[in-house]
Each structure stands twice: as C-alpha cells, then as structure tokens.
Amino acid sequence: MDTTQRFVAKHVAALPKSGIRDFFAIVSQMRDAISLGIGEPDFVTPYGIREAAMQALEKGRTSYTDNRGLQALREGIARYVGANYGLEYSPDTEILATIGVSEALDATLRAVLNPGDKVLYHEPCYVSYAPSVILCHAQAIPVSTHASARFALSIEALRTAWQPGCKVLLINFPTNPTGGTASGEMLAKIAAFAHEKDLLVISDEIYSELTFEGTHTSIASLPGMKARTIFLHGFSKAFAMTGFRVGYACGPAPIMDAILKVHQYGIMCAPIVSQEAAIEALANGRDDMLRMREKYQERRDLIVRRFNELGLKCHLPRGAFYAFPDISSTGLDSMTFATRLLREQKVAMVPGTAFGPSGAGFCRASYSTSYGNIIKACDRIAHFLDTLHA
Amino acid sequence: MNAVLKLLLEGEPLDAKQLAQILAFPQAEVDAQLATLKASGIFLGWRAVLNPAYEEDRTVRALIEVKVRPEGGLGYDHIAGRISRFEQVETCYLLSGAFDLLVIVKDASLRKVASFVHERLAKLEGVQSTATCFMLRAYKEQGYVMENGSANLDKPIVSP
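Protein chains in written order, with the working numbering: chain A, 1 to 390; chain B, 1 to 160.
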C-alpha cells in the first residue's frame, strides 16, 4: 500500500469505493457508444439564459456576492417557490443560493448532524446521499423501495428502518434513478411520521418540474412541515443548467443561519455569473422549460414501451428523465448486464446497483437523448437479448 | 397538430419506421398520413440545409425587394405566383411595409442573378421596381447557427 495512505482520514478511507467506477472507466473509453447513461439534460441551456450570463461578464459582474446570493436571485426564488410550491420564504433570512443541490445538501447535513446521528434515506437513490452523510461522521440508514410498488416509499418500510438516534429523513421526489413520485397521500403519511419521530426532513426536489402525471407537491407545504423541512432545489434539470452549478436551500431561519455558516466558510458564495443566469431563468425561462418537459415525456413513453415490448419489464416513471427497467429476466446481474451490453452492443446504461443494493436487477436508462438514439439503442438491446437467449 | 407533422417539424431526421415506433402507430398508418399531408399541400417536402460558406458551393444568393402594381382584378397573388415559378426563386413572400414582395434568388454566379433581375424579373408586367441585396455571409441558416466545432465534446457520456 502507498504509505501516503496514512494521511487520509479514516472515515474517508472507509467510504466504500463506488461500484460503478470500473464501469465508468470502460464507458469513458467508448465514446462511440450510444449513451442512455447521462444524468443531465441533453439540451443546451436556452440561449436567453446564456446571453444573460454573457451580459453579466460584459458588465464586469465578476465579484463575490452576498454569502446568501444576490438579493435579486433570492427574491426571484421566493416568488418562484411561492407560485409553484405554495411555500413562502423570506429572501433575507430563509433562502440561500448554493453551488447546485449537491452543495446545498452537503451544507445542510453538515449544519444539522452531530457525529453518530442517523439519517434515513430511501433507495435506490442518487449516489452521493449516503457518502455525504458518512462524511459528517453520521450514519446513513437506507429504506428500500421496490418495483412492485413502483418504488414508492412505504410508511411500513420507514417504520422498520427507523431506530433511536434518527434525526433526519432525506427524500427525493421525483427520484433519480427510478422516476418515482410521491402522492399527496404518501407525503401526508411521511409528514405524520416525521412529526411522530421528530425528524428534520431534507427534501431534494431538483426534478420537481419534470413531473408528468399529476402535480408535484412539496412536503414542506403540508401543515406544520415548513418548520421541519429544508427544501432543496436548483436550476440544473428543469432549465438545463447543470454546468452553471447553481441551486438553493430554503428553510426556517435558525437552521438556514447554521447552513449559511457552513456555506460561507466553505464556499463563500455561488458564482455571480451563474446567479445572474439563474435570475434570467426564473424571469423568462418558463416556456423553454415546458418545451423540454414535453420532449422528455414523449421520449419516456417511447422508451418505456420499447423496454416492455422487449420483455424488460419497466414501470412508467412519473417524473425525472429516467426509466428503470427490470433486467432480472435475463439471468444477469445489473453490473454484468450493463457491462456486456456496453462491450457487445455499445449501449451505455447505468447498473441499478450504482444507486444502492435496492437497485439490484435493474438498470437506469436516461431518455435525455434523441429519438434516433433511443430507437437505435433499443434495437441493439433487442439484439443483445437475442444473443442471450440463443 | 397532426402527430406525424409535429415530429417532422422538430427537425430530427426520422424515417417512417422510426416515426411509427415513436407514435406507436403501424408503419402503414404513418405512410398514409405522410401521403395525405403531401397530397393536401400541408407538408411540402424535405431539403438538405447546406452551410452557405461551403467552398464547393459557388452559388450566389440575393434578396430582392420588389415593388409591384397589382394588375386589374388579379391582385398580388397573380404576379407573385409568376415570380415564384422561376427555378432561381427559392422563396417569395408578400410583405407589409416599404415594398411588396421579398424574393430570394439563388443562381450560379453574381452575373446570372443580375441577369435574372433585369432580364426576367424587372420585365414582368406589374413590377415597378426592384432593389437587389446580395448575401455576403450567413450567420444562421434555417435554424442552424454557423459555429465551428461542437460545444459538447467534453460532456461525459455517463453521469450519475
């Protein structure tokens, strides 16, 4: 072993290696593969937003901003969150602009967790949730969800997973990688559970605009929940602004003050050019967002239908831009399926186990790509399945 | 809007088989709808879009502002229809404003375009005057912005 390893903190050294690191390494060597593996929009940021960023540079907007973010951005966020989620937050004390939801989540966890605290989170889930908790010297407690229930979070599973010391419940609807959403009834049960167990809820709602059936409801909008919820959101998915890295956290002022401390010492502020672009997205980006959402929904219908026709059972995801087909009928595990599909047919999908053990037997297929790519990829998957059955 | 037409207008090159897959129609249904759209003059056809800066394409394009005097009883449609029939004419619009018709002409050389204007266009009955603007450079062509290289070469093909 490299002797410099001794300098690495124990809790970081103990973090499990991502099971898909090797898979990503293979993929990166195969740039000619058709990718259904992209966790970001295939659309370029709408030009009006890019133009706003360029104008900010032309005006010499190159300084730090208030730690909380530009006042105009926080006011814009307050209006947007009020109009779309029915939530009222003060731009002065309850809203913080961050470097994407990733930083918002990290700062929130670091602000609220003591060593040994426990965080409930539902999986399969975004890859950083458990590591972010562990980096706070806290314990990540998974709550499994299952295809039979369309990967909905059940209150029974929550109760089973709960244990003394649980302080936080981390939820993400619509969910990466399953595309699952939460019904009002389910949210009400989760809220009641949070009250009963006195949990702080951290709600990552980054995909909320990409809800295709029904309307998205934030758990923070349920009676009594605003006082125990940190609402996380951003611009990456709905406005195709992943590279701008700008998100935000909203919550009760005393907790936001604590999050602000972590943010100001660690980050200082989100980049001013990205903040200016975000202001433009909130002011004039709605039509572009709706146009992209319509495309995702049409592509979703195509890819889910094709997977089911191919014998890969796939529930209809109600949100985000991921399908999560069941590949267990092939007799292969997720990693083997994804690796062989990539090597033999040059189609990249992400093994479900990348998102936690509950993803075993599934692969994530992003439909954030063209119709042509979806059709070609499905044709190759059909060929791959034929070779397996031969 | 017709679902087949909507997909065509989005611009992704899709054949009838692919359209059928996307729409969950039998391919025969897509073929029939395409035929109806063409027969009814709604869908006019496909054209490849060439970068006007392509060196092997030596053609010249001009925008011609045409003032016309509508002929008795026939109106603008008659003369615009006659102008539109020339092979050199790519596009012909009736506009509001200082002139009546905007005619976009493409031909093999500047001399040929000039010849078309003074030998054909200007001599048509009802044409009062023309003002010809030769296109020097294209910055955007039928929705395509002229840019060098792809913006997304560094984008990872898999991300969480």
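Think of the hints as simulated: they come from the structure by calculation, not from any bench.
Among the hints, a few may not be true.
[As the list claims (entries may be wrong)] Residues of chain A clear of chain B, computed beta-carbon distances all greater than 10 Å:
#, residue
1, F24
2, S28
3, G39
4, Y85
5, K118
6, I255
7, M268
8, R305
[As the list claims (entries may be wrong)] The calculated BS3-like cross-link candidates involving lysine-lysine, where the alpha carbons are at most 25 Å apart (straight line), are:
#, chain 1, residue 1, chain 2, residue 2
9, B, K6, A, K376
10, B, K6, A, K346
11, A, K295, B, K6
12, A, K313, A, K261
For clarity, every value in this text was computed on a predicted model and none was experimentally measured.
Don't be surprised by glycine CBs; every beta carbon is placed ideally from N, CA and C.
Outcome of the hint check:
For F24/A, the shortest C-beta to C-beta distance to chain B comes to about 6 Å, within the 10 Å cut-off, and the non-interface label is violated. Its closest Cβ contact with chain B, about 7 Å, brings S28/A to no more than 10 Å, contrary to its assignment away from the interface. In this structure G39/A is not separated from chain B by more than 10 Å, as the shortest Cβ-Cβ distance comes to only about 4 Å. Once the 10 Å rule is applied to beta carbons, Y85/A is consistent with being away from chain B; the minimum gap is 25 Å.
No beta-carbon of chain B is positioned within 10 Å of the beta-carbon of K118/A; the least distance is around 24 Å. In this structure I255/A is separated from chain B by more than 10 Å, as the shortest Cβ-Cβ distance comes to about 27 Å. With a cut of 10 Å on Cβ distances, M268/A stays outside the contact zone with chain B, its closest approach being about 26 Å. Not every CB of chain B is more than 10 Å from the CB of R305/A (nearest about 6 Å), against its label as outside the interface.
This hinted pair checks out: K6/B and K376/A have alpha carbons roughly 21 Å apart, not beyond 25 Å. At roughly 30 Å between alpha-carbon atoms, K6/B and K346/A are farther apart than 25 Å, so this suggested pair is violated. Restraint check for K295/A and K6/B: the C-alpha separation of about 12 Å stays at or below 25 Å, so the hint holds. Distance check on the hinted pair: K313/A and K261/A sit about 47 Å apart at the alpha-carbon level, beyond 25 Å; violated.
Checked against the numbered hints above, the structure breaks hints 1, 2, 3, 8, 10, 12 and satisfies the rest.
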